[in-house]
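Colleague: The primary structure of each chain is shown beneath.
There are 2 protein chains.
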Amino acid sequence: MGKRLDLSSPAMFIGRQGNGVISFGSGQPDLPPPREAIEGIDIRKDLRYGLIQGELPLREALAREYPASTAKNFVITNGASEALDLIFRAWGKGKVLLPRPYYYSYPPIITMAGMEPVYTDLVDGRIDIDDFRKKVEGCRAVLINSPSNPTGRIESIDTLKEIEKITAKLGIYVISDEVYKDLIYERENYQIKGEHVITVNSFSKTYAMCGVRVGYLWSSDQKIPEEIIKIKTHTSMNTNLVGQDMALNAMAAPKQYIKDQQRIWRERRDLIYKSFRELGFDLWEPEGAFYIFPKCLNPREFVETLYLEHNVITYLGEWFGAPSHIRLSYALDAEEIVEGMGRIKEAMKKVRCM
Amino acid sequence: MGKRLDLSSPAMFIGRQGNGVISFGSGQPDLPPPREAIEGIDIRKDLRYGLIQGELPLREALAREYPASTAKNFVITNGASEALDLIFRAWGKGKVLLPRPYYYSYPPIITMAGMEPVYTDLVDGRIDIDDFRKKVEGCRAVLINSPSNPTGRIESIDTLKEIEKITAKLGIYVISDEVYKDLIYERENYQIKGEHVITVNSFSKTYAMCGVRVGYLWSSDQKIPEEIIKIKTHTSMNTNLVGQDMALNAMAAPKQYIKDQQRIWRERRDLIYKSFRELGFDLWEPEGAFYIFPKCLNPREFVETLYLEHNVITYLGEWFGAPSHIRLSYALDAEEIVEGMGRIKEAMKKVRCM
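So the sequences go chain by chain: A and B. To convert, count from 1 in the first sequence and add 6; that's our numbering. To convert, count from 1 in the second sequence and add 6; that's our numbering.
Honestly, the hints are just simulated from the structure, not real lab data. It cannot be assumed that every hint is accurate.
Pairs count within a copy or across copies, as identical chains cannot be separated in the list.
Below 25 Å or equal to it, Euclidean Cα-Cα: the simulated BS3-like pairs (lysine-lysine) are [as the list claims (entries may be wrong)]:
#, residue 1, residue 2
1, Lys101, Lys236
2, Lys261, Lys51
3, Lys51, Lys265
4, Lys167, Lys101
5, Lys99, Lys236
6, Lys99, Lys141
7, Lys175, Lys101
8, Lys101, Lys351
9, Lys141, Lys280
10, Lys99, Lys280
11, Lys140, Lys301
12, Lys175, Lys236
13, Lys175, Lys301
14, Lys229, Lys140
15, Lys236, Lys167
On a predicted model such as this, the values are computed, not experimentally measured, just so you know.
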């Protein structure tokens with residue numbers, strides 16, 4: 007088995023939908039963006055270059071959500087991905103500590119920038135603070151992601167505060183990838199603070215506009231945005247202006263939009279978690295984001311069989327540093343989740359999962 | 007003098023317009039995009055991730071303009087800048103030959119990717135094919151840009167064919183940055199051909215939509231797009247979908263749109279060239295793009311004085327590898343060009359230019 011598909015990365019699955027495919031693949035909301043993000047947009051006729059740092063009204067709106075900040079603390083980027091890519095390129099060397107399992111793009115962008123990823127293995131989907139303390143020594147930065155893609159777990163506020171303290175003391179940067187901060191089922195988000203913190207976020211998940219590619223980075227230390235702008239001037243210039251207009255309008259949507267989304271995600275989480283438990287899988291209950299990360303005995307064979315014989319996209323855990331898992335995004339309506347789980351049950355007759 | 011402004015790069019000038027500023031800075035059309043690019047856009051409600059390679063209808067439309075091509079030969083990028091950045095990152099080592107003066111982003115993106123720029127100096131704004139032949143030995147790639155930013159010059163078709171032959175024989179890639187290919191005043195564009203050619207282009211200049219950030223790369227060798235997609239999956243994912251819709255619509259605009267633009271650019275070229283000659287500057291007559299590149303005795307002092315005392319943005323030649331020049335973009339209406347040239351004449355009373 008194996009070798010029937012190019013499973014070296016998720017690239018072949020991204021953007022595939024329709025034609026009877028049930029995609030538990032790409033991590034992206036299937037719900038529509040807020041009305042405001044689309045209907046309010048009057049595409050401007052002046053489409054000349056914008057500021058590399060991002061449009062001022064958007065950065066000012068963001069500044070109102072970050073304590074003691076101004077527009078100068080932000081850079082608007084092509085999604086959170088580009089924000090991370092630019093941060094590592096600005097450093098260009100040193101070690102970055104990653105909790106493992108990790109989002110699959112982290113190691114390649116760290117390596118491509120000339121930096122070296124080192125790992126602290128999660129215990130039950132959470133950071134083991136003793137191991138963290140050991141591994142973080144000698145690092146230039148640590149990259150955390152709570153709620154986590156792919157585990158769906160969140161770190162406790164105590165852990166986050168401890169990370170804040172340890173890194174501040176050692177003078178190590180914390181990059182906090184908070185793209186799922188509005189999708190926590192258990193508690194409010196806790197934002198790590200300090201001069202050594204760089205927060206990365208995006209409009210993709212909160213406002214269901216992944217394809218528009220608007221994200222940003224924030225730092226209380228204005229030197230960080232300045233460094234990033236120097237690189238972005240050469241690599242992609244301003245982030246697309248229409249997308250920035252859409253992001254600004256989305257921020258004006260009523261908060262109820264986000265609450266409604268959370269309710270839907272929670273219902274789906276309950277549905278898929280129960281369904282996997284009934285099939286006998288070993289897995290954590292997701293607490294945030296929209297991923298579920300079951301253990302699987304023959305993951306490669308299972309992912310291939312699901313795609314080629316059942317038209318179902320799932321992701322290999324090995325892309326996330328966890329070769330004995332598979333990852334599913336439950337960004338599907340209940341009916342599709344039920345249909346997809348039915349196909350998974352069928353495929354289990356052929357491939358041994360546990 | 008000097009040190010009054012951060013003139014280490016053009017970053018501080020990009021995106022600055024209005025408030026009485028006359029900007030001969032950023033190279034971007036001031037004319038509006040074709041109606042089709044804006045009015046025809048119905049922002050879709052499905053804003054999920056698109057294909058990393060780019061939307062199929064846009065790549066299919068492009069394929070009709072490139073002989074013997076299909077949608078597979080293209081990757082849609084965040085402007086031509088990102089296309090170039092991704093190409094060099096895909097290689098990651100080796101030498102790249104650059105004609106000098108060069109577009110200011112070329113050396114940093116080559117260096118950031120771990121590659122090394124080497125130079126062949128232009129003679130009278132054109133490639134010296136003997137020097138080219140010598141310098142290209144041992145390079146992995148050569149990057150050409152005709153019409154050229156900053157010189158406004160075009161290479162002869164004989165030179166382009168000779169470059170095609172030399173590099174094919176040596177197995178060296180040619181990256182042809184053709185973002186100004188629709189802005190040649192003297193002749194049709196000549197497209198370099200061969201398995202070893204990567205063409206980079208954008209919708210920014212032809213359709214006056216720089217801020218939308220949609221460009222692309224083309225190669226007859228499908229392995230190149232495949233390599234690029236692997237990187238882009240991690241660094242920025244799909245190019246923004248609304249921008250891709252706008253680019254596709256722009257391609258449907260009547261060809262008269264492009265012809266009208268060319269006529270306007272030619273008139274402006276004539277105006278600014280004559281004006282600089284009358285002031286006594288030593289310079290080449292631009293043959294394409296919308297840049298003029300006069301020699302200047304005290305360029306740093308002149309650029310600073312123009313900005314701080316006359317509200318005029320011009321760019322330093324040293325950013326383009328030509329420290330005794332200044333660069334002006336004439337993407338301004340005739341009235342502004344006349345006003346700007348008046349201010350330049352004033353500033354010449356204070357700073358000696360020749």
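Colleague: Hints first: check each against the structure and report whether it holds.
Modeller: So, going through the hints one by one against the coordinates:
no., hint, result
1, Lys101 - Lys236, "both (22 Å within a copy, 23 Å between copies)"
2, Lys261 - Lys51, "between (31 Å within a copy, 20 Å between copies)"
3, Lys51 - Lys265, "between (35 Å within a copy, 20 Å between copies)"
4, Lys167 - Lys101, "within (22 Å within a copy, 47 Å between copies)"
5, Lys99 - Lys236, "both (17 Å within a copy, 22 Å between copies)"
6, Lys99 - Lys141, "within (17 Å within a copy, 31 Å between copies)"
7, Lys175 - Lys101, "within (17 Å within a copy, 42 Å between copies)"
8, Lys101 - Lys351, "neither (42 Å within a copy, 54 Å between copies)"
9, Lys141 - Lys280, "neither (36 Å within a copy, 66 Å between copies)"
10, Lys99 - Lys280, "neither (44 Å within a copy, 50 Å between copies)"
11, Lys140 - Lys301, "neither (28 Å within a copy, 59 Å between copies)"
12, Lys175 - Lys236, "neither (29 Å within a copy, 38 Å between copies)"
13, Lys175 - Lys301, "neither (37 Å within a copy, 53 Å between copies)"
14, Lys229 - Lys140, "neither (29 Å within a copy, 43 Å between copies)"
15, Lys236 - Lys167, "neither (32 Å within a copy, 36 Å between copies)"
Consistency with the previously given hints fails for numbers 8, 9, 10, 11, 12, 13, 14, 15, ordered from lowest to highest.
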